[in-house]
Amino acid sequence: MTPQNILLIPKIERGIVIDHIPAGLGIPVMALIGRWPELEDAVITLGLNYKSTRMGRKDMIKLQAEPLPPRLLQMLALVCAGVTIKRIDRFEVVEKVVVQVPELFDNLARCINPNCITNAEPHVATRFKRLESGSKHFKCAHCERVCSLDELAGHLKA
Amino acid sequence: MKKDLISIDDLGLEQILDYLDLAARVEALPNAEKAGLLPGKILATLFFEPSTRTRLSFESAMCRLGGRVIGFSESANSSTAKGESFSDTIRTVEQYADVIAVRHPKEGTARLAAEIAGIPILNAGDGANQHPTQTLLDLYTLRKFFGKVDGLKIALVGDLKYSRTIHSLCRALLAFDGVAMTLVSPESLRLPGYLTKAAAGTTATFRESESLADALRDSDVVYMTRIQKERFPDLVEYEKVKDCYRLEAKMLEGAPARLKVLHPLPRLNEISPDVDATQHAGYFEQARNGVIMRQALILDLLDKRNDI
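Here the protein sequences come in this chain order: P and X. Under our numbering, the first sequence has 52 at position 52, and the numbering climbs by one with no breaks. When you read off a place in the second sequence, starting at 1, and then add 1000, the result is the number in our numbering.
Simulated from the structure, these hints should not be mistaken for laboratory data. Please note that the accuracy of each hint is not assured.
[Stated by the list, open to error] In silico contact screen, one side only, chain P against chain X (beta carbon under 7 Å); selected entries: (1) Trp-36; (2) Asn-115; (3) Ile-117; (4) Ala-120; (5) His-142; (6) Glu-144; (7) Cys-147; (8) Glu-151.
[Said to hold, decoys possible] Heads up, simulated SDA-like pairs for lysine to any residue below, C-alpha to C-alpha not over 20 Å straight-line: (9) Lys-139(P) with Gly-1127(X); (10) Lys-1144(X) with Ser-1272(X); (11) Lys-1082(X) with His-123(P).
C-beta: ideal position from N, C-alpha, C; glycine also.
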């Protein structure tokens, strides 16, 4: 982080930093975090539109809480794969993971096909399998409709 | 582990060929012997949307194997009309039957049924998605007429945009060697691009044409389809194309003797009745093959293939 950014968003003693969020997705990611009652009491700092040498502009979120719920991590892979999750202890980064696009999204999103049976019977767990390694397209395990990562991100389950 | 047949995409070439061989073995059996293969077994045909042909074909297949059939032919006759979920219907019916054939207007229903039920599921059509038994019977018909599928020249005619039968058949034909497909359709009903793109890296070829006469001169097979009124969001568009391709006996006069005309049926105006009497008409035999292929599939799913 540039010294200028450090001034804009203070270091935390312990918790999680979600870094390298593409600019503009910081607020949707905050909305996601808001779905977890266990994070309700966490002190959260949201930073938008920081300068980034790699990304041009980026958003960043710091949570004074840990760990992140596993399902939230999976949803981050759907909404903004490529973000960096840093675990902070005593003001130092002790672990750093880049969130990758997985081969399978298990019950995280609704199918984009309105005529898919999973939309008629919402208790059914959806599955979307990656078409091939490296692809940004996924296939519904039920209706076989192929959709993009962005389309799935727009259909997150409650 | 129980078997299901849900999507043609689940089958590799080897498995497709195995089903064609099994169907040939079933066909060779005397009727009396067939009738003793599945005593006491029950097929449930759950048709949440009407389909006389596919349902009767499944039921005939089971009856001729000595089994019995229960079921319904439209959702108005099922407890879905009372608000029961599809999942509950499957969980209930699996208590009553040994194998289920399911057709439903929503895509993904057969896969869901297979996940829920402890007994085999046959997909008899799920919305606009898959109709794998139709594809297998089409391939069986091709192999019966020509002794092979590899290298055939096949003209696909009519509604190539919405036809589930055509989409499934195309995908299956890509697995064979050197099948040349001529796509004959009006501009508005062209085959979806993702299917033509799927030919990349295979030995199959696609060629587009708007002329049925052109396709008749140089094909082994002309596969006609109905223009499906129910698929058109705008009926004005349907009216424009509904009778765009009509095959008549006189058009077949210069056609090669080997040419066969297929159609998944029901037909409307796209094949004139005078074609029925020509040597080229293959669609009623195709319908007969549907029973044979479905018998083979039922026997396989019920783990009875070694009994023949």
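Now the hints, each set against the structure:
Taking 7 Å as the C-beta cut-off, the interface hint given for Trp-36(P) is violated, the closest approach to chain X being about 29 Å. With a cut of 7 Å, the hint placing Asn-115(P) at the interface with chain X holds, because the nearest CB-to-CB distance is about 5 Å. Among the interface hints, the one on Ile-117(P) holds; its C-beta lies about 4 Å from the nearest C-beta in chain X, closer than the 7 Å criterion. Taking 7 Å as the C-beta contact cut-off toward chain X, the hint placing Ala-120(P) at the interface holds, the least distance being around 6 Å.
Given the 7 Å rule on beta carbons, the hint for His-142(P) holds: about 3 Å separates it from the nearest Cβ of chain X. Using the Cβ-Cβ criterion of 7 Å, the hint placing Glu-144(P) at the interface with chain X is satisfied: the shortest such distance is roughly 6 Å. The beta carbon of Cys-147(P) comes no nearer than 12 Å to any beta carbon in chain X, farther than 7 Å, and the hint placing it at the interface is violated. A cut of 7 Å between beta carbons decides the hint on Glu-151(P): the least distance to chain X is about 15 Å, and the hint is violated.
Between Lys-139(P) and Gly-1127(X) the CA atoms are separated by roughly 16 Å; this keeps the pair inside 20 Å, and the hint holds. Only pairs whose Cα atoms come within 20 Å are accepted, and Lys-1144(X) paired with Ser-1272(X) is rejected, the gap being roughly 24 Å. A distance of roughly 19 Å separates the Cα atoms of Lys-1082(X) and His-123(P); the hinted pair therefore holds under the 20 Å criterion.
Checked against the numbered hints listed earlier, the structure breaks hints 1, 7, 8 and 10; every other hint is satisfied.
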